[in-house]
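Enquirer: If you read the sequences in order, they're chains X and W. Using the numbering used here, you'd call the opening residue of the first sequence number 115 and step up by one each time. Using the numbering used here, you'd call the opening residue of the second sequence number 19 and step up by one each time.
Hints listed in this document are in silico derivations from the structure and should not be mistaken for laboratory results. Note that the structure is predicted; figures quoted are calculated from it, not measured. Note that the Cβ used here is the ideal one computed from N, Cα and C, for glycine as well. A portion of the hints provided could be inaccurate.
Said to hold, decoys possible - Partial list, computed: chain W residues near chain X (C-beta under 10 angstroms): (1) P65; (2) K237; (3) K241; (4) P242; (5) T249; (6) A304; (7) E305; (8) A317; (9) Y319; (10) N490; (11) N511; (12) N514.
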Amino acid sequence: MAEVIENKQNGVLTAKEFVSGQEVRWCPGCGDYSILKQMQSVLPQLGVSKEDIVFISGIGCSSRFPYYLDTFGMHSIHGRAPAIASGLKSTRPELSVWVITGDGDALSIGGNHIIHSLRRNFDINVLMFNNEIYGLTKGQYSPTSPVKKVTKSTPFGSLDHPFNPLALVLGADGTFVARAMDRDPKHLQQMILRAHQHKGTSFLEVYQNCNIFNDGAFFSFTEKDVKKKHTLFLEEGQPLVFGENEEKGVKLDGFTPVIVDLDSTSKNELWIHDEKDYIKSTILSRFFEDPSVEGNFPRPFGVFYVKERNTYEDEICNQVEQMLTVKGKGDLDKLIAGNETWVIE
Amino acid sequence: MKVTEEKDNVVIKFAGDSGDGMQLVGSQFTNNTALFGNDLGTFPDFPAEIRAPQGTLPGVSGFQIHFGNAEIYTPGDTYDVLVAMNSAALKANLDNLRKGGIIIANTSGFDSKNLRLAGYEESPLEDGQLQDYELYRIDVTKITREALKENGLGMRDKDRSKNMFVLGFIYWLFDRDPQNTLNFLERKFSKLPDVLDANVKALKAGYNFGNITEAFSVKYRVKPAKMPAGTYRSINGNPAMAMGIISAGVKSGLQVFYGTYPITPASDILHELARHKNYNIKTYQAEDEIAAVCAAIGASYGGNIGVTGTSGPGLALKSEAMGLAVMLELPLVVLDIQRAGPSTGLPTKTEQADLLQAFYGRNGECPMPIIAASTPSSCFEVAFEAVRIALEHMTPVLVLSDGYIANGAEPWKFPKADELAEIKVNIQTKPNDDKFMPYQRDERLVRNWAVPGHSGLEHRIGGLEKEDVTGNVSYDPENHEKMVKIREQKVENIANYIPDQEIEIGPEKGDVLVLGWGSTFGGIKSAVKELNDAGYKVSHAHLRYIKPFPKNLGELMGNFKKVLVPEINNGQLIRIIRDKYLVPAVAFNKIKGVPITKKEITDEVKKLIEE
Ligand code: SF4
Chain X
115 MAEVIENKQN GVLTAKEFVS GQEVRWCPGC GDYSILKQMQ SVLPQLGVSK EDIVFISGIG
175 CSSRFPYYLD TFGMHSIHGR APAIASGLKS TRPELSVWVI TGDGDALSIG GNHIIHSLRR
235 NFDINVLMFN NEIYGLTKGQ YSPTSPVKKV TKSTPFGSLD HPFNPLALVL GADGTFVARA
295 MDRDPKHLQQ MILRAHQHKG TSFLEVYQNC NIFNDGAFFS FTEKDVKKKH TLFLEEGQPL
355 VFGENEEKGV KLDGFTPVIV DLDSTSKNEL WIHDEKDYIK STILSRFFED PSVEGNFPRP
415 FGVFYVKERN TYEDEICNQV EQMLTVKGKG DLDKLIAGNE TWVIE
Chain W
19 MKVTEEKDNV VIKFAGDSGD GMQLVGSQFT NNTALFGNDL GTFPDFPAEI RAPQGTLPGV
79 SGFQIHFGNA EIYTPGDTYD VLVAMNSAAL KANLDNLRKG GIIIANTSGF DSKNLRLAGY
139 EESPLEDGQL QDYELYRIDV TKITREALKE NGLGMRDKDR SKNMFVLGFI YWLFDRDPQN
199 TLNFLERKFS KLPDVLDANV KALKAGYNFG NITEAFSVKY RVKPAKMPAG TYRSINGNPA
259 MAMGIISAGV KSGLQVFYGT YPITPASDIL HELARHKNYN IKTYQAEDEI AAVCAAIGAS
319 YGGNIGVTGT SGPGLALKSE AMGLAVMLEL PLVVLDIQRA GPSTGLPTKT EQADLLQAFY
379 GRNGECPMPI IAASTPSSCF EVAFEAVRIA LEHMTPVLVL SDGYIANGAE PWKFPKADEL
439 AEIKVNIQTK PNDDKFMPYQ RDERLVRNWA VPGHSGLEHR IGGLEKEDVT GNVSYDPENH
499 EKMVKIREQK VENIANYIPD QEIEIGPEKG DVLVLGWGST FGGIKSAVKE LNDAGYKVSH
559 AHLRYIKPFP KNLGELMGNF KKVLVPEINN GQLIRIIRDK YLVPAVAFNK IKGVPITKKE
619 ITDEVKKLIE E
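Only chain X is shown next, with the shape it has when bound in the complex (with noise of 0.2 angstroms):
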């Protein structure tokens, strides 16, 4: 982890000093707890002032974040935290710009920010808390839930197939893609960190627990019992190896990946983790059934890919610079005469 970097007015600070004071409501034992923690232990090593952060979140549950951290905060509506990010983005392209959201805020009514915000490639960190379920108002089921999930909206079982978070952002051109969970704090601090190291839109999808809608909808992937079956943690330049005593690996058969067993195969031969690779990183990104299941893959967890590419605030600040070298800065009597005039004695 990196070293506590000294702040440019407060001297260091500490995760005591991100704390807001107001009161957090949400639901005691809520996955929620552990992501706001990490992120406050996480903040003062940014290196950057509490003035030049601002969290922006939508509607829903997660989207409280912003009151319990003291920086600058938007709560705004639902969907649109993407959107209002974007403008600050364009224009105070020196903030750091979090965008806090949900599974259904995120997926479903700002579905189409997301995708959007994703291609234009801001320097914005995205973090959608995924919890399967609608919480706030009060057990529908989400556009991650599963089929068949009996909720207060589907008694009986909904018929919507779910999205894949992460292949979704894949395909919207995401330049930084990763997934963390509640439940693991020092890997989801790591997680945090690297979406902020990440010049462009980061991504991270964190399995959060709401145990009052939808308690254990992670638990095979967090309870310790079977996480080492169900998990793949990954590390760049690291093979694919998982399993209670690590004992299996994932080996890729042209594009078709296999599990395998390290008893009879070598760790040589398994799949080394690039997260510069696109097309691995897609397969990864299908690594979504239910582990329990065997013959499955498990669950990928950390980082799945990261490009670099221009930033959207970065070109459009550029243009600017560009047509002030180019025209020279605007004359305002020149704009206001246009090209033709007359006087009138």
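Add chain W with the ligand to chain X, keeping to what the hints say.
Expert: Same frame as chain X, now just chain W with the ligand:
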């Protein structure tokens, strides 16, 4: 021997297929007329489809210009001259040509195919039905081809110059010097010598055609108008709106961010602003209307002037975000260039039917100041004023214009940059006490603007109800009622910072006050002028500020026995006026996608007086 006849004012309608280049002819003739010194008003009128089927009535594109030697307020009720490039153009416009008016018909547009497409059984040029008019038949296509014999272009491209032939001929007919168009063509086609040559030759051929053809014995002259001394230019509403925004940016020292989504008839504002990035402007074509307004809010939150522009359907989509801006109490300007609705409605036709949407069209008690442009040049002042109000009163502001103003043109005695007022911006940079209170207010009830980047001002805002002063989330019922009233009062307080309502023309006391807003300005003003000249005690007042109303409006209306409110809608301002002032105002409504004419208003006023 050619004779020249003097006229006080003339209305010409250029009409042809949408591919015939009539808009270019119209705008060139407009510039020439303005440079010549006439006052003028224009009304371009184009089909909703980019290229509607050739030769059909829906494909007719028109450009109307009214010019004269005295003040002109409207594009004119009826035409004196109709240029018809084909049969459909004649059919679509004949009703508005005054009896005895001139028709200039391109005979090659009256062949059997064109006649059939326009629904004529026999050629109206031959069957005597146009005997009440002065009809001139010119085979524009043939003569243009003849004139371009030597030119290297193909036939199709040559034919595209026929609009220049027509323009040249009209220049001759109105005794004009075509130089400005020659300059324009040189600028436009400097890299395409053959096209330049074809256009110049066609223009000259048209001009000479008038000179040498026996059939044309009379030309017309309209002397320059006596307009106030000064420097003028010709201006359309949408570019004026863009310039007003840019000027307000310069005068406030802030960056402007224009977030928008293409929509007729507002898109030209984006096109104009996008060209002027060297004036500290950023333009952003968002993924949808909602994103456009939200991006503008994000820019405002960052300490810039956030502006979004749209038309009625887009305004509906922006409603929720405007509510957020009301709650956040951030400066934001929303331009609504209205068109005929509801839904997609008539996208290229004009209407003033978004007023109630602007007034009430958001959830909750959600007051926003509303100001309205009335003529093309007033768009400049209104845009500038909207930015001023937004910044000085920390509120989103709605600006209403419409398609008629947006695309219409008039001469404009434009201001110098020095003459424009500075706009005060009050961005807070440090806390006044030890703890910063984002919803602390001054005597006008305006809150502080604290933008990211200033230490000690970190705070959270959002769409949830705010506690008075602290801005913390509050569900307290007393506080909610108090905040609703504060937000309303803050907007009402703007009335203390805007000018009193004036009477445009007419006596201060009288029989009828014609109260208008928006693009009915010209029609009302010319009607009231005519009525005054005929001895009627009628006056015209035109509202720029619709929320809040100027403080003296009630008193001003009280000096008249009756108040007439003409609107291009089913009665919207009138509801607000009746509600607020309890005056028995009378509505006059026309909802046909076209402006209200002078005659319609004079008739209505007379009826009201005689009642
Ligand atoms: S409803 Fe669920 S997601 Fe919302 S605060 Fe409660 S536990 Fe958390």
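Enquirer: Could you run down the list of hints and mark each one as holding or not?
Expert: Here is what the structure says about each hint:
1. Checking P65 of chain W against chain X by beta carbon gives a least distance of about 28 angstroms; that is not within 10 angstroms, so the hint is violated.
2. With a cut of 10 angstroms, the hint placing K237 of chain W at the interface with chain X is violated, because the nearest CB-to-CB distance is about 22 angstroms.
3. Given the 10 angstroms rule on beta carbons, the hint for K241 of chain W is violated: about 13 angstroms separates it from the nearest Cβ of chain X.
4. Proximity of P242 of chain W to chain X holds as hinted, the smallest CB-CB distance being about 8 angstroms (cut-off 10 angstroms).
5. At about 5 angstroms, the closest approach between the beta carbon of T249 of chain W and any beta carbon in chain X falls short of 10 angstroms, and the interface hint on this residue holds.
6. For A304 of chain W, the suggested interface contact is upheld, since its CB lies about 7 angstroms from the closest CB of chain X, less than 10 angstroms.
7. The interface hint given for E305 of chain W is met, as the beta carbon of that residue sits about 4 angstroms from the closest beta carbon of chain X, less than 10 angstroms.
8. A cut of 10 angstroms between beta carbons decides the hint on A317 of chain W: the least distance to chain X is about 4 angstroms, and the hint holds.
9. Proximity of Y319 of chain W to chain X holds as hinted, the smallest CB-CB distance being about 6 angstroms (cut-off 10 angstroms).
10. The restraint placing N490 of chain W at the interface with chain X holds, with a minimum CB-CB distance near 7 angstroms, inside the 10 angstroms limit.
11. Taking 10 angstroms as the C-beta contact cut-off toward chain X, the hint placing N511 of chain W at the interface is violated, the least distance being around 25 angstroms.
12. Hint on N514 of chain W is violated. Least Cβ distance to chain X is approximately 29 angstroms, over the 10 angstroms limit.
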